[in-house]
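**Q** Sequence:
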Amino acid sequence: MDYKKLLERARKNLPESVITSERFEIPNVRGHIQGNKTIISNFFQIAATLNRQPEHMLKFILRELATPGEIKKNLVIIGTKVPASRINEKIYQYARQFVLCPECGKPDTKLVKEKNSTFIKCLACGAKSRVQSKI
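Each residue of the sequence shown is one higher than the last, beginning at 1 in this note's numbering.
Calculated from the structure, these hints are not laboratory results. You may find that some hints are simply not true.
Once the Cα atoms are required to be at most 27 Å apart in a straight line, the calculated DSSO-like pairs of lysine-lysine come out as [what the hints assert, rightly or not]:
| id | residue 1 | residue 2 |
| --- | --- | --- |
| 1 | K59 | K5 |
| 2 | K121 | K110 |
| 3 | K12 | K37 |
| 4 | K12 | K106 |
| 5 | K81 | K59 |
| 6 | K12 | K59 |
| 7 | K90 | K12 |
| 8 | K121 | K106 |
| 9 | K113 | K128 |
| 10 | K59 | K72 |
| 11 | K73 | K110 |
| 12 | K73 | K59 |
| 13 | K110 | K81 |
| 14 | K59 | K115 |
| 15 | K110 | K72 |
| 16 | K81 | K113 |
| 17 | K128 | K90 |
| 18 | K72 | K90 |
Here are the computed distance ranges between Cβ atoms for each label pair [said to hold, decoys possible]:
| id | residue 1 | residue 2 | range |
| --- | --- | --- | --- |
| 19 | K106 | H32 | 52 to 62 Å |
| 20 | Q45 | R86 | 38 to 48 Å |
| 21 | K37 | L6 | 56 to 66 Å |
| 22 | K5 | R86 | 43 to 53 Å |
| 23 | K121 | E55 | 14 to 24 Å |
| 24 | E55 | A84 | 33 to 43 Å |
We put the CB at the ideal spot given by N, CA and C, even for glycine.
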């Protein structure tokens with residue numbers, strides 16, 4: 001047998017979860033609505049997964065949702081009722097803008113400030129791209 005046929009046979013024997021699962025998965029928001037406020041309990045876990053400062057991420061999300069909010073202890077309190085699906089949508093938008101490399105799509109990046117500009121520096125492929133929006 002040649003190499004390609006052996007590779008195909010090995011791939012067929014792998015479980016489906018190994019083939020389709022991504023290395024990088026953003027956790028969904030967990031929290032609840034209390035009165036007219038939304039409380040997020042796993043915001044710091046999400047920020048850690050994205051390898052970004054919670055304050056930076058929160059500033060973006062609050063601006064996008066056009067609502068007040070704050071960090072209190074290990075919770076994030078948003079000043080209005082916001083469905084989790086909408087918050088998740090903004091977190092994915094944040095990841096596309098500030099985390100994922102525009103060249104290779106990998107999440108292994110860091111934000112670098114140079115003068116008045118912010119760049120995404122990819123640790124995987126070495127690309128450096130200017131961030132479009134300012135926070």
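**Q** Is the hinted pair K121 and K106 satisfied, with a Cα-Cα distance of at most 27 Å?
**A** 11 Å, holds
**Q** Going straight from one Cα to the other, do K121 and K110 come out at no more than 27 Å?
**A** Holds - the C-alpha atoms of K110 and K121 are around 5 Å apart, at most 27 Å.
**Q** Against the 27 Å threshold, does the CA-CA distance of K110 and K72 hold or violate the hint?
**A** Holds, at about 26 Å.
**Q** Holds or violated: K81 and K113, Cα atoms, limit 27 Å.
**A** 34 Å, violated
**Q** Is the Cα-Cα distance between K90 and K12 27 Å or less?
**A** 37 Å, violated
**Q** Going straight from one Cα to the other, do K81 and K59 come out at no more than 27 Å?
**A** Given pair K81, K59 holds - Cα atoms ~17 Å apart, limit 27 Å.
**Q** Sort out whether K128 lies within 27 Å of K113, counting only the CA atoms.
**A** 11 Å, holds
**Q** Is K110 within 27 Å of K81, Cα to Cα?
**A** 32 Å, violated
**Q** Taking only the CA atoms, is the gap from K12 to K106 under or equal to 27 Å?
**A** 26 Å, holds
**Q** Holds or violated: are the alpha carbons of K73 and K110 at most 27 Å from each other?
**A** 25 Å, holds
**Q** Using the C-beta atoms of K121 and E55, is the stated range 14 to 24 Å upheld?
**A** Roughly 20 Å apart at Cβ, these two residues keep to the hinted range, so it holds.
**Q** Please test the hint of 38 to 48 Å on the beta carbon pair from Q45 and R86.
**A** With a Cβ separation near 19 Å, Q45 and R86 fall outside 38 to 48 Å, so the hint is violated.
Figure legend: structure checked against the earlier numbered hints; hints not met, in rising order: 1, 3, 6, 7, 13, 16, 19, 20, 24.
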